[in-house]
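**Q** Protein sequences, first through last, are from chains A and Z.
Be aware that the first sequence starts at 1, since it is given in UniProt numbering, and climbs by one per residue.
Be aware that the second sequence starts at 1, since it is given in UniProt numbering, and climbs by one per residue.
These aren't lab readings, by the way, just hints derived from the structure by calculation.
Errors might be hidden in some of the hints.
[To be verified] Below, in silico cross-link-like pairs of lysine-lysine (DSS-like), each with a Cα-Cα straight-line distance of 25 Å or less:
#1 K82/Z to K20/A
#2 K82/Z to K2/Z
#3 K82/A to K2/Z
#4 K20/A to K2/Z
#5 K54/Z to K41/A
#6 K41/A to K2/Z
#7 K20/A to K41/A
#8 K2/Z to K2/A
#9 K41/A to K41/Z
#10 K82/A to K20/Z
#11 K82/Z to K54/Z
#12 K82/A to K20/A
#13 K2/A to K20/Z
#14 K2/Z to K54/Z
On a predicted model such as this, the values are computed, not experimentally measured, just so you know.
Here are the chains, one letter per residue:
There are 2 protein chains.
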Amino acid sequence: MKLETAAQQLASLGNPIRLKLYRALVRAGHVGCACGVLQDKLGIPASTLSHHIKQLMETGLVYQERQGTTLVCHAHYPAMEKLVGYLADECCAESGCEVSKEKAA
Amino acid sequence: MKLETAAQQLASLGNPIRLKLYRALVRAGHVGCACGVLQDKLGIPASTLSHHIKQLMETGLVYQERQGTTLVCHAHYPAMEKLVGYLADECCAESGCEVSKEKAA
DNA sequence: CCAGTATTTCGAAATAATCCGAAATATCGC
DNA sequence: GCGATATTTCGGATTATTTCGAAATACTGG
Numbered sequence: 001m002k003l004e005t006a007a008q009q010l011a012s013l014g015n016p017i018r019l020k021l022y023r024a025l026v027r028a029g030h031v032g033c034a035c036g037v038l039q040d041k042l043g044i045p046a047s048t049l050s051h052h053i054k055q056l057m058e059t060g061l062v063y064q065e066r067q068g069t070t071l072v073c074h075a076h077y078p079a080m081e082k083l084v085g086y087l088a089d090e091c092c093a094e095s096g097c098e099v100s101k102e103k104a105a
Numbered sequence: 001m002k003l004e005t006a007a008q009q010l011a012s013l014g015n016p017i018r019l020k021l022y023r024a025l026v027r028a029g030h031v032g033c034a035c036g037v038l039q040d041k042l043g044i045p046a047s048t049l050s051h052h053i054k055q056l057m058e059t060g061l062v063y064q065e066r067q068g069t070t071l072v073c074h075a076h077y078p079a080m081e082k083l084v085g086y087l088a089d090e091c092c093a094e095s096g097c098e099v100s101k102e103k104a105a
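Taking the hints into account, I'd like the entire structure generated from these sequences.
**A** This is the structure:
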């Protein structure tokens with residue numbers, strides 16, 4: 001994974017609205033969540049929400065799928081796994097933290 | 001962990017220079033790395049580097065410790081573990097991804 | 001306490017992000 | 001194709017981030 005890509009994904013999660021939005025999608029699981037529902041749930045204007053969803057899609061953390069007249073948003077789990085892996089990758093190589101202990105086990 | 005805190009930490013990692021810097025510290029392990037060494041390693045002006053280190057310290061991902069005349073920077077592993085945990089927390093509750101399989105095991 | 005090295009603060013310009021209303025676009029069922 | 005519903009694009013004002021040189025500050029060793 002490229003550092004530049006990871007930085008963009010982290011930046012896209014580094015905004016309270018987008019993080020809230022992303023976590024709502026993660027919680028929604030594989031059925032996803034419609035833009036309109038997210039709008040109601042988060043209580044923010046449609047144009048602002050659309051802007052943030054777009055950013056999350058550009059970094060590959062979220063994708064959309066049309067179902068009838070609505071667009072359903074999904075968290076792209078593999079992308080998140082890769083990102084977390086990238087962060088944990090070199091984690092605590094020398095300090096023997098929990099994460100590295102789990103890796104060793 | 002507060003969403004606001006997580007967002008700030010993610011944002012602080014969401015910049016190529018800071019991510020590179022942070023990963024250098026992670027790789028350095030418990031011995032850490034002096035500001036001056038980081039400056040040479042990353043090849044960026046001291047004032048810019050200081051600015052980015054400050055941001056990482058404000059979010060709690062990095063801390064400094066004085067050793068003689070130099071300031072040594074350290075990655076704060078527990079903060080990273082909490083952040084990764086926050087992201088993985090609700091990950092794939094319904095989709096059965098790798099992470100949730102590991103959690104179940 | 002002075003010289004020397006290490007790091008931060010200041011200042012200021014360039015660039016980018018955030019926000020949201022209004023208008024535009026997309027899709028479906030009929 | 002028309003009307004209804006859903007979502008995005010546009011415009012632009014406001015605020016925040018990034019950058020780095022120069023000056024200021026912090027600390028140690030002697």
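**Q** Against the earlier hints, flag every one the structure doesn't satisfy and list their numbers going up.
**A** Violated hints: 5, 8, 9; rest satisfied.
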